[in-house]
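Enquirer: Residue-level listing of the chains:
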Amino acid sequence: MKKFALSIENPLLILFLVITSAIAVSTTLENSLVMGISVLFIFLFSNIVISLILKFISDKFKLLVHLLIASIFVTIVELVLKEYIYTIYTSFGIYLPLLSLCCLELDRTTSKSEELWPIIKRSLVLGIYFIIVLSLFGTIREILWNNTITVMNKTSSITGYREIIKVFPKNEVFPNSFFATPAIAFILLGIMLGLYNAFRNRGESK
Amino acid sequence: MSLFSIFVTSILTGNIVLFSYLGVTSLVKSNNKTDVLRIGTSTLLLSLITTVVSYLLNTYILIPLNIEFISTILFVLLIVSLVELFKYIITKYYKKLYSNIENEYLLLITNCAIFGVVLLNINNSYSLVESIIYSIGSSIGFTLLLYIISNLKARLDKSPIIKSFKGLPILLITLGIIAMIFIRYN
Numbered sequence: 001m002k003k004f005a006l007s008i009e010n011p012l013l014i015l016f017l018v019i020t021s022a023i024a025v026s027t028t029l030e031n032s033l034v035m036g037i038s039v040l041f042i043f044l045f046s047n048i049v050i051s052l053i054l055k056f057i058s059d060k061f062k063l064l065v066h067l068l069i070a071s072i073f074v075t076i077v078e079l080v081l082k083e084y085i086y087t088i089y090t091s092f093g094i095y096l097p098l099l100s101l102c103c104l105e106l107d108r109t110t111s112k113s114e115e116l117w118p119i120i121k122r123s124l125v126l127g128i129y130f131i132i133v134l135s136l137f138g139t140i141r142e143i144l145w146n147n148t149i150t151v152m153n154k155t156s157s158i159t160g161y162r163e164i165i166k167v168f169p170k171n172e173v174f175p176n177s178f179f180a181t182p183a184i185a186f187i188l189l190g191i192m193l194g195l196y197n198a199f200r201n202r203g204e205s206k
Numbered sequence: 001m002s003l004f005s006i007f008v009t010s011i012l013t014g015n016i017v018l019f020s021y022l023g024v025t026s027l028v029k030s031n032n033k034t035d036v037l038r039i040g041t042s043t044l045l046l047s048l049i050t051t052v053v054s055y056l057l058n059t060y061i062l063i064p065l066n067i068e069f070i071s072t073i074l075f076v077l078l079i080v081s082l083v084e085l086f087k088y089i090i091t092k093y094y095k096k097l098y099s100n101i102e103n104e105y106l107l108l109i110t111n112c113a114i115f116g117v118v119l120l121n122i123n124n125s126y127s128l129v130e131s132i133i134y135s136i137g138s139s140i141g142f143t144l145l146l147y148i149i150s151n152l153k154a155r156l157d158k159s160p161i162i163k164s165f166k167g168l169p170i171l172l173i174t175l176g177i178i179a180m181i182f183i184r185y186n
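Residue numbers (our numbering), protein chains in the order written: chain R, 1 to 206; chain X, 1 to 186.
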């Protein structure tokens with residue numbers, strides 16, 4: 001799979017670009033996974049449709065068309081989630097429609113190539129990195145505030161399978177509602193970005 | 001909830017940047033040369049007009065016809081057209097005041113703050129007066145935080161920090177500590 005090699009310099013920075021929707025929702029692992037799959041779907045298909053249409057649109061309307069196509073796919077995801085997994089739809093709240101504006105930021109990292117296959121490859125790679133990074137973030141955050149790892153709780157209406165793993169059995173520190181606040185989310189993201197930078201620069205001399 | 005409590009909550013303990021994560025990307029792009037007052041007043045005017053129009057649309061068109069699923073597309077269209085209109089009026093009549101509107105134009109659209117306020121108004125089912133007060137308060141809160149962060153960035157860049165934490169990571173950690181100051185325990 002050498003074709004899908006790491007062509008993005010900093011995968012954690014992807015998390016920051018979509019910070020509004022991503023961080024707000026990722027209080028549990030399951031929420032992060034569903035949000036990651038939605039972002040992958042929206043980003044991939046809106047990029048495909050945009051790259052096919054963009055030649056025929058004058059410069060003034062490019063931004064508007066881009067946003068409209070993204071919001072159409074967001075509406076599709078919203079309706080599917082509302083029908084099949086209503087609990088996740090209510091816990092996402094306002095952050096799912098905000099993806100239509102956030103995906104514009106994500107698109108700035110892509111190079112402006114005209115052919116279809118590099119765009120598909122790029123969107124898939126970005127989306128899969130996003131799922132991995134967001135799941136990691138959601139796991140750490142969930143261990144901190146709830147002492148569990150929820151693999152599948154709310155989507156059990158589809159799959160009928162429920163798995164919640166309790167991490168530290170007898171503990172008085174960890175189930176702590178202070179760690180669910182947004183303050184800890186910002187601090188955790190900053191620490192993760194800094195540690196990733198340190199890991200990436202460890203070979204370079206001063 | 002009384003109007004005054006909505007106003008104070010939207011600035012301090014329910015700040016849209018620190019507690020609803022809206023508008024962080026435009027906060028990070030600022031530096032100590034950005035005109036905070038200009039961005040603040042633009043956001044205030046735009047969010048005021050957008051909340052009034054979106055409230056009217058929601059109450060009199062979307063809910064009676066039962067087509068609430070189309071609200072995302074409609075509000076995105078509304079916001080982009082209102083920002084375009086704003087830009088057109090500014091470049092035509094007030095060109096001296098806003099010399100580089102092009103740079104901040106995208107900042108206003110991809111801000112997510114205006115769109116987020118509209119969605120929060122619908123979620124909390126505020127009436128017209130309550131949503132106007134909420135949008136004014138949230139714009140003031142956003143401006144306050146923009147002022148704090150744009151002044152802090154220069155100082156953070158000069159202070160001795162580990163090389164891997166310079167720039168974005170230390171800014172996020174600072175934002176988290178500020179959020180801890182504004183917090184309200186239930």
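Source of the hints: derived by calculation from the structure; they are not laboratory data. Take the hints with a grain of salt, since some may be wrong.
Stated by the list, open to error - Covered stretches of chain X, going by a simulated chain R footprint (3 or more residues, C-beta under 8 Å):
1) 11-25
2) 40-50
3) 63-72
4) 115-126
What the hints assert, rightly or not - Away from chain R, derived, C-beta distances all over 10 Å, residues of chain X:
5) Tyr94
6) Cys112
7) Arg155
Virtual Cβ for every residue (Gly too), placed ideally from N, Cα, C.
Enquirer: When the hints from earlier in the document are held up against this structure, which numbers fail?
Expert: 2, 6
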